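Chain C is already provided as a structure; the job is to place chain P on it using the hints.
2 protein chains.
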Amino acid sequence: MEKLIIEARVNEYAMRKRNPHVPWTSEEIAADAAAVREAGASILHFHARQDNGAPCHDEVRYAETVARVHEVCDLLIHPTLGANTLEASPEGRLAHVLEMAKDSRTRPDLAPMDMGSTNIDIYDPRQKKYLTTDQMYVNTTETLLYFAEAIRNAGLKPCAVAWNISYLRETLIFHEMGLLEEPLYLGLTLTEGPISAGHPASPAGLDAYLNLLPDDVPIEWTVYNYGGNLLNLAEKIISAGGHISVGLGDHAYQEVGTPTNAELIAMFVDVAKSVGRDVATPEETRKILGMN
Amino acid sequence: MEKLIIEARVNEYAMRKRNPHVPWTSEEIAADAAAVREAGASILHFHARQDNGAPCHDEVRYAETVARVHEVCDLLIHPTLGANTLEASPEGRLAHVLEMAKDSRTRPDLAPMDMGSTNIDIYDPRQKKYLTTDQMYVNTTETLLYFAEAIRNAGLKPCAVAWNISYLRETLIFHEMGLLEEPLYLGLTLTEGPISAGHPASPAGLDAYLNLLPDDVPIEWTVYNYGGNLLNLAEKIISAGGHISVGLGDHAYQEVGTPTNAELIAMFVDVAKSVGRDVATPEETRKILGMN
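Residue numbers (the numbering used here), protein chains in the order written: chain C, 65 to 356; chain P, 65 to 356.
The hints are simulated quantities; they were obtained by calculation from the structure and are not laboratory data. Please read these numbers as outputs of a predicted model, since none were measured by experiment. Do not take every clue at face value.
Where chains are identical, the list cannot tell them apart; a pair therefore holds if satisfied intra-copy or between any two copies.
Unchecked claim - 25 Å max Cα-Cα, derived DMTMM-like pairs, lysine to aspartate or glutamate: (1) LYS300 / ASP279; (2) LYS337 / GLU319; (3) LYS192 / ASP280; (4) LYS351 / GLU135; (5) LYS300 / ASP271; (6) LYS193 / GLU213.
Next comes chain C alone, as it looks inside the complex (with noise of 0.2 Å):
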């Protein structure tokens, strides 16, 4: 079988109450990037950070982080385009990646595309309550198609994110309109615990998306669990022929006891080792996506 990528989520915008391991400076994430990448990780996926962990939209703390982890090792490099950043318009979403593609000392490697849009509001099944009622997820077709366009001139490979089945779709429409490249670089989304706008993390949540996927269209895919341990569903997956994103951005795993994200990367490792599949490298991370 093909070998295994995983994507290390390193921070997201978690913070250290229940894991206190989650990197959050460019050195810290530095740091972090070397160490996933010793233990089988080949693509890193972060957000800029404030010094107090606060969520970042800074170009220059973006381009810094990226240089440090050029210095410390090959990791491909897949920054975020900021979830918080949706009031900005779509140029200004991206402004940081394009900005880092224009130096090679900062150049990143790949960019997300959440391919559609959906309430994602917080729940709190214990109160039964909503904590928030009007947030939503937007990414409108026309932001999409400007999204497409400029991750393609940047020469950047795009990650497009499904959170559910019109993602896909829309997904699979842009593939038939030219607009990615093959093989697709796909990210299916699970969630679990207070946001539900992904699909549940269960094996039928997943077969979901597995059931729908079309036969002829190149596609690698990975799996998110954004709020929930993704080890449950790791063995499924990487037998499937899936790859893995995984890290402490997206749950803090104190029931595996609270690991660093090297130490979680290295438990996908194992999983991969007990079903006879090998881990890419970065280069062949980079082969298997078709990348240049």
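What follows is chain P alone, placed relative to chain C:
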């Protein structure tokens, strides 16, 4: 097996180019109502239309249509909130329904709640081009909380409609919060043709919903195919205990002889007979859905 509920979706905003039998005026809708009742439908879903077929958001026209239908048959009535009134406030979108509910002469029985938000652009596969790029169908959680309370206070039965799994999960949260009475009347949206916002109208597209329905929540589920032929899935749906929502509003059905709504309903009744399932009367439907 429990009896089959057939909901007739007689017109939506369909024009008459592909099928001349789409009812527009109050008189036409009432005549179709009597005919589909005779054929086996127990619920009528309709959109008020102007005499030339244009969308009509006039409360008086809605009320006049319901009154005429009540005069000619005992169908349960499920008006739309009107997709074209999305610019209106939540109160504005529901106002005609609440107004009609005050008078037994015009009183509807059900009201729809589309349980989430999605991009809903129109795509032309022949041109490989989006004909719209900024269309969204927005129902925020806040709006849905208002709908749930107002529809319950009016004594109507909500039909919770899912376009994808994100909507299904929001529906199940509303149930957990005690905002939706059991059994849920759950609409599962499949889409074909120019709209790709729902699940594909294939066995896998339907199963992607069915495999995620919880075992411990009483649910009566019905299936639409917006933009395509539902007959292809009728035996699967009816055999699995689901209900049918179909009509010329969703598809012209030229491939089966450009039928009237009543002729179309009769085709689904035939499928039910072939699998040994009886069709519910409006009174039986009321009991199945737990309505007063």
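Hint check, failures only: none
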